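Engineer: Each chain, letter by letter, is given below.
Number of protein chains: 2
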Amino acid sequence: MQSILKPLLSMVLIAGSAGAAQAQSPFGKPEDAIKYRQSALFVMGQHFGRIGAVVKGKRPFDKAEVAKNAAIVEEMSKLPWDAFIAGTDKGKTQAKPNIWTEAAKFKSRHEKLEQETAKLAQVAKGGDLDAIKAQFGETGKACKACHDDFRKKD
Amino acid sequence: MQSILKPLLSMVLIAGSAGAAQAQSPFGKPEDAIKYRQSALFVMGQHFGRIGAVVKGKRPFDKAEVAKNAAIVEEMSKLPWDAFIAGTDKGKTQAKPNIWTEAAKFKSRHEKLEQETAKLAQVAKGGDLDAIKAQFGETGKACKACHDDFRKKD
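Top line first, the protein sequences correspond to chains A and B. Residue numbering for the first sequence is 0 to 153, as defined by numbering that gives the first Met the number 0. Residue numbering for the second sequence is 0 to 153, as defined by numbering that gives the first Met the number 0.
Some clues are possibly wrong.
Same chains, same names: a pair is fine if it fits in one copy or spans any two.
[Claimed, not checked] Calculated pairs, SDA-like style, for lysine to any residue (alpha carbon to alpha carbon, straight line, at most 25 Å):
{"no.": "1", "residue 1": "Lys152", "residue 2": "Asp88"}
{"no.": "2", "residue 1": "Lys132", "residue 2": "Glu110"}
{"no.": "3", "residue 1": "Lys67", "residue 2": "Pro96"}
{"no.": "4", "residue 1": "Lys28", "residue 2": "Lys57"}
{"no.": "5", "residue 1": "Lys77", "residue 2": "Ala66"}
{"no.": "6", "residue 1": "Lys89", "residue 2": "Phe41"}
{"no.": "7", "residue 1": "Lys143", "residue 2": "Phe105"}
{"no.": "8", "residue 1": "Lys89", "residue 2": "Arg150"}
{"no.": "9", "residue 1": "Lys57", "residue 2": "Gly27"}
{"no.": "10", "residue 1": "Lys151", "residue 2": "Gln37"}
{"no.": "11", "residue 1": "Lys104", "residue 2": "His146"}
{"no.": "12", "residue 1": "Lys143", "residue 2": "Ala103"}
{"no.": "13", "residue 1": "Lys104", "residue 2": "Gly51"}
{"no.": "14", "residue 1": "Lys95", "residue 2": "Glu110"}
{"no.": "15", "residue 1": "Lys28", "residue 2": "Leu40"}
{"no.": "16", "residue 1": "Lys55", "residue 2": "Trp99"}
{"no.": "17", "residue 1": "Lys95", "residue 2": "Gly27"}
{"no.": "18", "residue 1": "Lys67", "residue 2": "Gly27"}
{"no.": "19", "residue 1": "Lys106", "residue 2": "Asp129"}
{"no.": "20", "residue 1": "Lys28", "residue 2": "Ala70"}
{"no.": "21", "residue 1": "Lys28", "residue 2": "Phe41"}
{"no.": "22", "residue 1": "Lys143", "residue 2": "Ala133"}
{"no.": "23", "residue 1": "Lys28", "residue 2": "Ala117"}
{"no.": "24", "residue 1": "Lys118", "residue 2": "Leu78"}
{"no.": "25", "residue 1": "Lys124", "residue 2": "Ala94"}
{"no.": "26", "residue 1": "Lys143", "residue 2": "Pro96"}
{"no.": "27", "residue 1": "Lys91", "residue 2": "Pro59"}
{"no.": "28", "residue 1": "Lys67", "residue 2": "Ala130"}
{"no.": "29", "residue 1": "Lys62", "residue 2": "Ala133"}
Keep in mind that the hints were calculated from the coordinates and are not lab data. As the structure is a computational prediction, the values presented were derived from the model and not from experiment.
Pulled out of the complex, with its shape left as it was, chain A reads as follows (with noise of 0.2 Å):
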């Protein structure tokens, strides 16, 4: 009895714990919940790398790009969360388990990033470059304050 119960109650045990998954969120299985952000946030900072590169002077400074570079990370800003879901703390991924046991401190962190990159993409439109700079810098503190909380080091 036993060799044919144990099987058949991982099966239970696997489809309950698939269909708490999906109940909570769109994700079809855990590893697209975590390649998703992956995904989005990479798109976020490669956009955000170019508004660096003007910021530091590598690329010229054309008013029309930055602008569009900064409404991608903040249209991009707002994607990541939802995907942090129960039991995607495993795999491939970078996240610290405190994102589910501190969840009111890591909704405040990227809910300020999201703050931060809507201010970015509002300054980027006005085309003012040293006002450009500063909210980059803001945003990045966002970045930052988020990754050392609740990214592991790579």
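Following the hints, position chain B against chain A.
Structural biologist: Chain B alone, transformed into the frame defined by chain A:
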């Protein structure tokens, strides 16, 4: 002499091709360009899939949610194409070499996709489920047409 010349020549060639890639794109290295386009396409696919679940009756129809997903699909569909830079047909990619040899065809394919995702976002705002279903189908065809011609099978 030859033992010195060979590595020197390799360094010159590598430096030369890296310089060319940087001039063409804002990507620091080819791997970043590949990761960027895959990330953008993955995020797009996830949100497109959420609309698909509604279209197939697997998720309840929530107008605001579908409109939000369609808006993200539209925005994401603009991003991947600049990342198909020279030299990124190798490595962890399913990109077929004809992306670069049939560039005009590839452009027409992704422009078609962008047109269809823009229509999908528009239709989704309207909130007519039948119209959303129809435009979801048209958008899916545009995805498939490009994949059939330009993406290697898994």
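Engineer: Need the list of violated hint numbers for this structure, in ascending order.
Structural biologist: Hints 3, 13, 16, 19, 23, 25 and 27 contradicted; others consistent.
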